[in-house]
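Construct the entire structure; sequences and hints are all you get.
From first to last, the protein sequence lines stand for chains A and B. Residue numbers are given in the working numbering: position 128 of the first sequence equals residue 122, and the series is strictly consecutive. Residue numbers are given in the working numbering: position 154 of the second sequence equals residue 263, and the series is strictly consecutive.
The set of hints was computed from the structure by calculation and includes no laboratory data. One should not assume that every hint holds.
Listed below are the simulated SDA-like cross-link pairs for lysine to any residue, each with C-alpha atoms no more than 25 Å apart in a straight line [unchecked claim]:
1) A/K130 with B/R415
2) B/K355 with B/R192
3) B/K430 with A/N108
Quick list of simulated restraints, FRET-style, between CB atoms [said to hold, decoys possible]:
4) B/S391 with A/N69: 42 to 52 Å
5) B/M393 with A/E77: 51 to 61 Å
6) B/I482 with A/N69: 28 to 38 Å
Don't be surprised by glycine CBs; every beta carbon is placed ideally from N, CA and C.
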Amino acid sequence: MLSMKNISKVFKTDLVETHALRDFNLEVNEGEFVAVTGPSGSGKTTFLNIAGLLEGFTSGEFSLDGVNVSNLSDNKSAKVRNEKIGFIFQGFNLIPDLNLAENVEVPLRYRGMNASERKRRVESALEQVGLGARMKHLPTQLSGGQQQRVAIARALAGEPRFLLADEPTGNLDSLMARQVMELLENINQQGTTIIMVTHDSELARRAQRNIQIVDGQVCDFSMYQPAATGTR
Amino acid sequence: MLHIKPILSSLMRSKSAPVLLLLQIILSVAIVANASFIINERLSLMQRESGYAEDQILTFNLYNFDPAIDNMKQNQVDQQILRSLPNVIDASYSNMLPLSGSGWMDRYVDGPDADTAKSTPGFAFYLGNEHLLNVMGAKLIAGRNFTADEINTSLDDSGMMALVSQPLAKAFWGDESPLGKTMYQGEQAVTIIGVVDKLQGAWVDHENFEYSVIQNIDFGGSSSNKSYMVRALPEHIPALEEAISKALYAENPNRVVENFQTLTTIKNLTYSNHRLMATVLSIMVVLLLLITALGLTGMVMFNIQRRTKQIGTRRALGARKRDIIEYFMVENYLICIVGGVIGGMLSLVLGQQLMSLYSLPMVPVIYPIISVIGLLVVTTLAVIVPAAKAANISPAMATRSV
Ligand SMILES: Nc1ncnc2c1ncn2[C@@H]1O[C@H](COP(=O)(O)OP(=O)(O)OP(=O)(O)O)[C@@H](O)[C@H]1O
Ligand SMILES: [Mg+2]
Chain A
-5 MLSMKNISKV FKTDLVETHA LRDFNLEVNE GEFVAVTGPS GSGKTTFLNI AGLLEGFTSG
55 EFSLDGVNVS NLSDNKSAKV RNEKIGFIFQ GFNLIPDLNL AENVEVPLRY RGMNASERKR
115 RVESALEQVG LGARMKHLPT QLSGGQQQRV AIARALAGEP RFLLADEPTG NLDSLMARQV
175 MELLENINQQ GTTIIMVTHD SELARRAQRN IQIVDGQVCD FSMYQPAATG TR
Chain B
110 MLHIKPILSS LMRSKSAPVL LLLQIILSVA IVANASFIIN ERLSLMQRES GYAEDQILTF
170 NLYNFDPAID NMKQNQVDQQ ILRSLPNVID ASYSNMLPLS GSGWMDRYVD GPDADTAKST
230 PGFAFYLGNE HLLNVMGAKL IAGRNFTADE INTSLDDSGM MALVSQPLAK AFWGDESPLG
290 KTMYQGEQAV TIIGVVDKLQ GAWVDHENFE YSVIQNIDFG GSSSNKSYMV RALPEHIPAL
350 EEAISKALYA ENPNRVVENF QTLTTIKNLT YSNHRLMATV LSIMVVLLLL ITALGLTGMV
410 MFNIQRRTKQ IGTRRALGAR KRDIIEYFMV ENYLICIVGG VIGGMLSLVL GQQLMSLYSL
470 PMVPVIYPII SVIGLLVVTT LAVIVPAAKA ANISPAMATR SV
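Written as structure tokens, this is what we have:
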């Protein structure tokens, strides 16, 4: 489903070169729920950005859904992001001037979907996250947890194959974090592949597979998963 | 596909900045529409054909201060001298100079009984001899010119004849020919013997500017101060000034020959206020559009700064670069069109006020429309560059920026 081989990513500034990822290798299968942990600055966001085609990489091979996406044009990668990938951000990234329905609608409009189909999907996505009754509200009228649920609805509305989440619970208290986690688990059970970066080891343990990024490289603990679960 | 609805509702929710810009656009359109109308009015006034051989006509003043001079005779002698100078095509006395801003105005009535007669509109009233038409370069389109023996020397003489300008003939007689009609100045009868294609008066802003009459009176003898018009090819005119002075002083030194001006110079002087007005207003229009453009660019740049993360997020969610550019274009076109419509209506109201205050003609609707179109062009130029910059914001800004 997602396959990265020897990916490296170097950030060059005037003074320094940062090797954010080096010889990064990862295979993620269809339907997996992968939690990514690692120290700050280890390259988690960089990995997720590359996985989500938000930025390019310096060398290596990357294929998504069996398609080599190493050298897609800007328009093509926008199309792939729009159709195959759902994003959930730490800061929710809702558009403050748009109400919830309009926010959820954003990726559907970029897909060129007609109005009635958009309406149907927006409603069902907001229902799914339990905010069907608040379509006309503005993001600022919601709690953080609710805002993150709107962001999840926005990601779901496009019915993506992948859900990429960068610390989706980072700005939430533990109760809300757990609600969001449950929502993600539900979504995963319906078949969506999820890759989630988190600092919360408790949440990470709930995922089916854990990988750790250290210094821009993967330490895959998936084989130790049973043991990790056992310690709980 | 243009996503107007969400852009509009987003605009409605963000308050101050678009409102200020909107106000600026409303005022710009209102002012630009009226100013460009006034500019165009002035330009079209200035561009009217005079019908005169402007650059071939040299005018000057002659003042006889010698009490021994018989003005009547001297006038005839002087005109002979002028006509006999080398390179002079023709020369004539005239009671007034075309386009000069000063002159005579009169009207005729169509019967001897003042109570029942119908009056012509007011017209510029030229008095001259059979040479005047040729000096002016005016074109006779019907009837005939005066002959030398038909020229009177006083307003009280009998046998008055007149050449009328075509616009005056149209205004008073319609499609009927004025030739042979007898008109009256008080008791005195005047016969219309010719129609001149174009014969402008002295006052360029007067509504009857095109209504003129030449009557067969060489009035030059009745005054010691008079003006003459001499026609010559433009290349001969500079040398003629000296030749004329020399010849006239040789005839009699007790007088002043002065104030040589071509009709072109007179016309330029007369229209100089209009030209100044058009220039000042044009500069104002350009400045206003520039300021509006700067305002637009400023707001777009400010919005791009403020929305870096939002733009990154939109890109992450599948917006192509052109979607981002489109967003800013549509957003600003919306402000521009709303502002343009309100400003356009305001300009009509403003125009109405100006109309009643300064008796200007009503601003035609086309001016606000053109102003709005002009503003759309300005908007495009002002927004496209920062918008293209916004489109280059990396999708990674969705996760990277705070
Ligand atoms: N745009 C950039 N320019 C230069 N260096 C960058 C850029 N983005 C990231 N880096 C560097 O790349 C490295 C990896 O950053 P990344 O954001 O992927 O870390 P992270 O694991 O997500 O950290 P955190 O847990 O704090 O979010 C860091 O050293 C960071 O400073
Ligand atoms: Mg990070």
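Status of the hints after comparison with the structure:
At most 25 Å may separate the alpha-carbon atoms for a hinted pair to count; A/K130 and B/R415 meet this at roughly 24 Å. Proximity of B/K355 to B/R192 is assessed by CA-CA distance (about 14 Å); at most 25 Å being required, the pair is judged to hold. Restraint check for B/K430 and A/N108: the C-alpha separation of about 21 Å stays at or below 25 Å, so the hint holds. Checked against the given bound of 42 to 52 Å, the beta carbons of B/S391 and A/N69, roughly 44 Å apart, stay inside it.
At roughly 52 Å, the beta-carbon separation of B/M393 and A/E77 lies within the given 51 to 61 Å, and the hint holds. The hint said 28 to 38 Å for the Cβ distance between B/I482 and A/N69, and at roughly 32 Å that hint holds.
Comparing the model with each earlier hint shows no violations; every hint is respected.
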